[in-house]
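Engineer: Same order as they appear, the protein sequences are chains A and B.
For reference, each letter of the first sequence is one residue, going 1 to 327 in UniProt numbering.
For reference, each letter of the second sequence is one residue, going 1 to 336 in UniProt numbering.
Note that these hints are calculated values from the structure, not bench results.
Given the structure is predicted, the values throughout are model-derived calculations rather than measurements.
Backbone N, C-alpha and C fix where the C-beta goes; we use that ideal spot for every residue, glycine too.
Possibly wrong hints are sitting among the right ones.
Computed footprint of chain A on chain B; a stretch qualifies when at least three of its residues, placed anywhere within it, have a C-beta under 8 angstroms from a C-beta of chain A [as the list claims (entries may be wrong)]: (1) 89-97; (2) 307-315; (3) 318-330.
Short derived list, chain B residues pointing at chain A, Cβ under 10 angstroms [stated by the list, open to error]: (4) L140; (5) V151; (6) K152; (7) T154; (8) L155; (9) S158; (10) A159; (11) A161; (12) A165; (13) G170; (14) I174.
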Amino acid sequence: MSYRKSMTVTALSMLTILLALISISVGSTTIPMREVIASLFGSADGGNSLIVIQFRMPRALAALLVGAMLAVSGALLQGVIRNPLAAPDLIGVTGGASVAVVSFMTLYTGMYSMQWIPLIAILGALAAGSLNYMLAWKKGVSPLRLVLIGVGISTALSALTTFLLISGPAYLASQVLNWMTGSVYGTGWKHVSAAAPWALVIIPLSFLFSRSLNAQAMGDTVATGLGTRIQRDRLLIMLCSIALAGAAVGIAGTLSFIGLIAPHIARRMVGNAYGALLPTAALTGAVILLLADLAGRMLLQPLDIPAGVFTAAFGAPFFFYLLYKKM
Amino acid sequence: MGLFQSQRARLLGLLTGVLLLTGVMLLSILLGLQNFHISMLLHTYQAFDGSTEHMIIRDTRVPRTIVGAVVGAGLAVAGAVMQAITRNPLASPSVFGINSGAVLFIVIGITVLGGGLSMSGMIWLAFAGAAVTALLVFVLGFSGPGGFAPVKLTLAGSAIAAFSASVTSGIILIDKQSLDQALFWMVGSVVNRNMEHVMAMLPYAAAGLVLALLLSRSLNVAALGDEVSKGLGISLFLVRAGACISVVLLAGSGVAVAGPIAFIGMIVPHLCRSLVGQDHRWLIPYCAVAGSLLLVLADLVSRFVIMPKEVPVGVATALIGVPFLIYIVRRKSYVL
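All chains should be modelled from the sequences, with the hints used to inform the complete structure.
Structural biologist: Structure representation (structure tokens):
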């Protein structure tokens, strides 16, 4: 990493920490930054400290983790599929995770443990992802076929989700819908501790593949010539990407477009080499989700608008821009 | 080229279709959780006595069947028109996000106006939503340095669908009261509709259908490509504008009454093309009949899958439609 790139990463890290602190400090009751920091170091007492530790901090951490997971997932996918439009939402992975989680929620009405949700979501994502891959296979996989079949699979899966939603008891519908829109509202430490293992293991693991991704970007022949075991790496990278997207969906629901936008913004900042791109994308994703969550909380007080609404509102125009530019 | 080559065969095919449709509609009125004899239907309209059976037939089964038939015809014809002017085999109100755009507008209307929203207000909102989305998709599909590309339309449509879906569920979450009412629109279904619904949407659907029929000759030419149509002196702009209006009327009225019902608009034109080929003067009537038939049939079957509950017909068509979409995408002729 060059000097400029490492400066970018450092600056982004600072921005992420700053946003997380702001996110902890503001809300229905504003807590002064001084008290926030005191509470974080355990040297404050009273109600504010409770709010910080029990409510605001896990929410900020969840936004940070989920944003980073989705962004890295998208960056890995774009690297493997070599298409700027690739994103976990577009290849049906997110839909698979949704169906799995919603059926799990309806099956064990309220009697489930949060720890299981990411695993269930990952399994669903894996099933949908492999189905798409198999169906798109016709003497090799064309990225566009992957996306188009993904559109179809997503439609079918969302119909299934809605069906589960209306066939279950009414109180569950509101709970499930809340989760589906993509929001870190109401996330607690149990959500953070369910997400953290996946994020902390798989994101660093995926950084190990940056050399292979760089090689793959030059085409299969060059990559093989450079000694990359393409097929094996491709499979492992896809698995990482699907696992990250699945776990993120399990925690925060379908936050559309983060996996698409964050890698593109990161590319603008540090270029296409994956060594710097992956950490930058992770931080960008975290920043986007923290911002979306903050906006949802502050704009229409006392309403808490799901962050997914904002990521969709900014993501869709961005997608159109990409469509306009790249095709 | 289609299966039916001669005019006579096509006419016979169409008549058979109408007969089949009548039969399926009768079955849809008579069969369900409670089965009736056909004489009961006659009694209901000749000597209505207010009994439960008569009430079920008059207020539940008949409106449901008619809504299914009208919406099915509208979506199928809208799909055929869209496929002709975009030259995209995946074009249909659901894949291009027009259905979800209409749903978004309806949900916004319900939230802002609450209970004060009338059925005709709802239909106009659905039109507005369908029109805005259709316009957006077409503008996106035709702009950009790459020029017109069928696949661009599909991608723009799916992004719009994702966008409207997020915003819709966001609004529902904020305004919890509207959850029940809005869930009604989010899943395509023809249950719990009454004659008032039918009457409110029928004029618009009929207008859309007539417009599509009037355009059928121009659609034949437009499908040949821009150069040819210009050479033959057809104003492509007028044809596209007319087609857009017809699609918005058909899809908008359909969504206003039945919610987003996926894939009917994509499947039916393909099936009908295998019967009568590319001639839209035949294709559009065939689509109307086959669309009704498919939707009424899907609704009938979905009553029996998990008795005594029902699978909403929107879910059923989505599950039927996906294998079909995959088949079209995998087919060689789809330009990627």
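Engineer: Could you tell me which of the hints above the structure violates, numbers in ascending order?
Structural biologist: none
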